[in-house]
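Novice: Here's the letter readout for the chains.
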Amino acid sequence: MGLFEAILLSVIAASTPLLLAASGELVVERSGVLNLGIEGMMIMGAACGFAAAYFTGSITIGAIAGAAAGAGTSAIFALLTLGLAVNQVAAGLALTIFGIGLSGLIGANFVGERIEQAPHLYIPVLTDIPVVGKILFGEDAFVYLSILLVIGIWWFLYRTRAGLILRAVGDNHASAHALGYPVLKIRALAVLFGGACAGLGGAYLPLAYTPFFVPGMTAGRGWIALALVVFSSWKPGRIVIGAYLFGAVTILQLHTQALGLGIPSQLMSSLPYLATVIVLVLISRVRSSTAGSTAPASLGMVFVPDR
Amino acid sequence: MRTSVIAMGVAATALVAAAVSSTVPVAKGADKLKVGFIYLGPIGDFGWTYQHEVGRQGLVKDMGDKIETTYLENVSEGPDAERSIEQLARTGHKLIFTTSFGYMDPTIRVAKKYAKVDFEHATGYKREKNVSTYSGRFYEGRYIQGQIAAKMSKSGVLGYIGSFPIPEVVSGINSTMLGAQSINPNIKVKIIWVNTWFDPGKEADAAKALLDQGADVIMQHTDSPAAMQAASTRGAYAFGQDSDMIKFGPKSQLTAIVDNWAPYYDERVKAELAGKWTSTDTWGGLKSKLVVMAPYTNMPDDVKAMAQKTEAAITAGTLHPFACPVIDQDGKTVECKGGKNLSDPQILGMNFYVKGVDDKLPAK
Chain P
0 MGLFEAILLS VIAASTPLLL AASGELVVER SGVLNLGIEG MMIMGAACGF
50 AAAYFTGSIT IGAIAGAAAG AGTSAIFALL TLGLAVNQVA AGLALTIFGI
100 GLSGLIGANF VGERIEQAPH LYIPVLTDIP VVGKILFGED AFVYLSILLV
150 IGIWWFLYRT RAGLILRAVG DNHASAHALG YPVLKIRALA VLFGGACAGL
200 GGAYLPLAYT PFFVPGMTAG RGWIALALVV FSSWKPGRIV IGAYLFGAVT
250 ILQLHTQALG LGIPSQLMSS LPYLATVIVL VLISRVRSST AGSTAPASLG
300 MVFVPDR
Chain Z
0 MRTSVIAMGV AATALVAAAV SSTVPVAKGA DKLKVGFIYL GPIGDFGWTY
50 QHEVGRQGLV KDMGDKIETT YLENVSEGPD AERSIEQLAR TGHKLIFTTS
100 FGYMDPTIRV AKKYAKVDFE HATGYKREKN VSTYSGRFYE GRYIQGQIAA
150 KMSKSGVLGY IGSFPIPEVV SGINSTMLGA QSINPNIKVK IIWVNTWFDP
200 GKEADAAKAL LDQGADVIMQ HTDSPAAMQA ASTRGAYAFG QDSDMIKFGP
250 KSQLTAIVDN WAPYYDERVK AELAGKWTST DTWGGLKSKL VVMAPYTNMP
300 DDVKAMAQKT EAAITAGTLH PFACPVIDQD GKTVECKGGK NLSDPQILGM
350 NFYVKGVDDK LPAK
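Line order of the protein sequences matches chains P and Z. With numbering that gives the first Met the number 0, letter number 205 in the first sequence gets 204, and the count goes up by one each step, no holes. With numbering that gives the first Met the number 0, letter number 170 in the second sequence gets 169, and the count goes up by one each step, no holes.
FYI, nobody ran anything at the bench for these hints, they're computed from the structure. Please read all numbers here as calculations on a predicted model, not as lab measurements. From the three backbone atoms N, C-alpha and C, an ideal C-beta is built for every residue, glycine too. One or more hints might be untrue.
[As the list claims (entries may be wrong)] Here are the simulated distance ranges between beta carbons:
{"id": "1", "chain 1": "P", "residue 1": "A107", "chain 2": "Z", "residue 2": "G337", "range": "53 to 59 Å"}
{"id": "2", "chain 1": "Z", "residue 1": "S154", "chain 2": "P", "residue 2": "V85", "range": "56 to 62 Å"}
{"id": "3", "chain 1": "Z", "residue 1": "P78", "chain 2": "P", "residue 2": "V85", "range": "24 to 30 Å"}
{"id": "4", "chain 1": "Z", "residue 1": "A315", "chain 2": "P", "residue 2": "T59", "range": "24 to 30 Å"}
{"id": "5", "chain 1": "P", "residue 1": "L270", "chain 2": "Z", "residue 2": "T332", "range": "57 to 63 Å"}
{"id": "6", "chain 1": "Z", "residue 1": "D301", "chain 2": "P", "residue 2": "I150", "range": "53 to 59 Å"}
{"id": "7", "chain 1": "P", "residue 1": "E115", "chain 2": "Z", "residue 2": "K354", "range": "51 to 57 Å"}
{"id": "8", "chain 1": "P", "residue 1": "I146", "chain 2": "Z", "residue 2": "P324", "range": "42 to 48 Å"}
{"id": "9", "chain 1": "Z", "residue 1": "T90", "chain 2": "P", "residue 2": "P304", "range": "48 to 54 Å"}
{"id": "10", "chain 1": "P", "residue 1": "D127", "chain 2": "Z", "residue 2": "C335", "range": "46 to 52 Å"}
{"id": "11", "chain 1": "P", "residue 1": "V85", "chain 2": "Z", "residue 2": "R233", "range": "44 to 50 Å"}
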């Protein structure tokens with residue numbers, strides 16, 4: 000296996016949890032809800048996904064349990080922000096703290112346990128193609144799922160009536176309400192979907208990335224996912240670019256260190272974040288010269304329907 | 000606007016998370032000596048904090064009829080720490096162990112306010128009449144690991160994952176290299192700093208990057224078993240850190256440096272019970288069994304015998320990892336302040352690489 004191929008494989012693995020969580024959050028924000036609790040939902044997905052996989056021995060059940068745990072955690076958020084019209088920023092932050100605490104409690108009994116890592120695809124001949132074989136035909140199921148998810152979200156948002164309605168709700172909830180669309184119901188479904196994606200992204204960590212559970216193992220990936228949504232300017236295709244760019248810089252900085260080029264490691268470690276900031280600035284420059292903001296106009300605003 | 004709200008949120012969460020996830024399990028009981036512990040991580044980190052927790056559980060087992068213990072986990076270093084330490088001092092704890100370097104100044108400040116309470120601070124250097132310090136000579140174990148690694152490596156390249164370029168980690172790298180060079184003078188090391196103590200994903204990525212670049216023995220100075228696990232997946236060798244990680248690499252772990260705090264905690268609590276506690280500075284190694292090597296596994300008998308011989312020599316004091324002359328990477332001989340070897344303050348403040356490390360120290 001060549002170094003180039005090895006690096007690409009690591010980049011894909013590092014990007015996948017970010018991609019899963021970020022594409023879910025994109026749908027949530029497109030519906031006009033800002034859920035800052037991604038980190039909490041991810042770590043809940045990690046703990047519950049690992050627990051389920053440990054008991055059943057099945058990665059598939061683990062993944063489903065992770066998604067369910069993420070959705071379950073997000074249901075609390077939906078209840079608070081949509082049902083009780085609580086401030087979304089505060090509720091999202093609370094969700095993160097809550098998720099980190101509860102997942103530690105759930106996962107405490109599983110620390111030090113091991114499971115079999117998610118299997119990688121193997122197609123004779125195709126997987127054996129030099130250089131590209133393993134990258135295209137030798138990944139684990141999560142990787143393919145994450146790509147399908149983004150394609151699915153793009154198709155839903157831009158090619159279906161339901162997607163159009165969801166975007167309308169996110170851009171102007173008062174008008175959507177006046178037209179008779181159930182704003183809160185649509186948003187609740189979007190939040191649950193986002194929670195399931197975050198849970199799945201979290202579950203990727205103990206099921207496929209490092210097959211064991213330790214408290215706090217998401218280590219801030221939820222916040223990166225959140226930044227990626229802004230980075231993508233709420234467009235599914237750009238989420239892929241953002242996630243893979245971030246993953247690539249993360250892995251490449253490790254490799255340049257190992258090469259011993261003598262570049263300060265603190266600088267290298269900050270590169271992924273630096274890259275994100277720079278791209279954000281560039282995007283907003285381009286945007287201001289063409290049209291206005293691409294953010295959903297009702298993002299983060301509380302909606303209480305007049306009955 | 001929204002982005003700034005997010006940024007503020009992130010900062011706020013980081014602050015609040017540590018405070019909220021702390022737990023306060025306080026037991027009841029009269030006239031027992033109350034002993035408190037402050038932990039940096041979760042007790043389930045399977046590394047640094049876990050080993051302190053093992054020490055605490057040992058106390059309960061040995062002297063449960065005479066003492067009662069309390070612990071606070073996930074206490075971040077900073078203002079939070081002072082509040083947590085003071086909370087223990089105020090609630091009648093007479094002996095308090097603060098188990099991370101960053102608790103140093105908070106511990107000293109609280110100790111000045113509570114003169115009748117005795118404190119034990121791990122890995123620090125500031126002492127008071129009622130504050131002792133204690134730490135482990137982990138570099139002794141690293142020297143043995145370096146020798147084993149040099150014997151086991153086929154490529155002649157070792158992979159080293161560092162957390163932060165602080166003296167403790169740097170002296171570990173140097174000790175490893177001096178041990179490895181005693182076996183193979185041409186041994187190479189590739190170093191990756193992950194700039195975190197704990198991020199399993201990143202630690203695993205670093206291990207993979209090192210393996211991809213030709214290293215075949217992985218060493219780590221970070222807190223999770225991720226690197227061990229990654230090495231195990233690739234069929235490479237690795238060393239455990241802080242605790243025995245054999246579960247995560249049954250065919251990979253050569254040995255591990257285990258922090259064995261239990262005997263020290265026993266000794267200090269017994270002294271406190273007898274009213275004989277005084278402020279001391281303990282830096283224990285293999286000899287005092289504060290640093291223990293996990294069983295030597297996955298290696299041929301001759302390598303095992305060599306490792307045991309080195310361990311015995313360091314324990315007996317006939318071999319010192321930093322025996323003079325120590326030559327730094329620029330070829331200059333380091334001033335020998337400790338007689339036949341570098342002095343303790345030199346090791347505690349080490350900020351240079353030894354000869355043969357083909358890399359630059361980030362801090363310089």
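Novice: For the range 57 to 63 Å, tell me whether the beta carbons of L270/P and T332/Z fit it or not.
Specialist: violated, 37 Å
Novice: Honestly, do D127/P and C335/Z meet the 46 to 52 Å range at C-beta?
Specialist: violated, 58 Å
Novice: Given the hint of 48 to 54 Å, is the C-beta distance from T90/Z to P304/P inside that range or not?
Specialist: Since T90/Z and P304/P have Cβ atoms about 50 Å apart, the given range 48 to 54 Å holds.
Novice: Between the beta carbons of V85/P and R233/Z, is the distance compatible with 44 to 50 Å?
Specialist: holds, 48 Å
Novice: Measuring from beta carbon to beta carbon, are E115/P and K354/Z in 51 to 57 Å?
Specialist: violated, 44 Å
Novice: Between the beta carbons of D301/Z and I150/P, is the distance compatible with 53 to 59 Å?
Specialist: The hint (53 to 59 Å, Cβ to Cβ) holds, given that D301/Z and I150/P are roughly 57 Å apart.
Novice: A range of 56 to 62 Å was offered for this pair. Does it hold for the Cβ distance of S154/Z and V85/P?
Specialist: holds, 57 Å
Novice: Quick one: are A315/Z and T59/P within 24 to 30 Å, going by C-beta?
Specialist: With a Cβ separation near 56 Å, A315/Z and T59/P fall outside 24 to 30 Å, so the hint is violated.
Novice: For the range 42 to 48 Å, tell me whether the beta carbons of I146/P and P324/Z fit it or not.
Specialist: Hint violated: Cβ distance 58 Å, outside 42 to 48 Å.
Novice: Are A107/P and G337/Z spaced within 53 to 59 Å by their CB atoms?
Specialist: Taking Cβ atoms as reference, A107/P and G337/Z lie about 44 Å apart, which means the hint is violated.
Novice: Confirm or reject the claim that P78/Z and V85/P have a C-beta distance inside 24 to 30 Å.
Specialist: Between P78/Z and V85/P, where Cβ atoms are some 28 Å apart, the hint holds.
This entry does not satisfy hints 1, 4, 5, 7, 8 and 10, going by the numbered hints stated previously.
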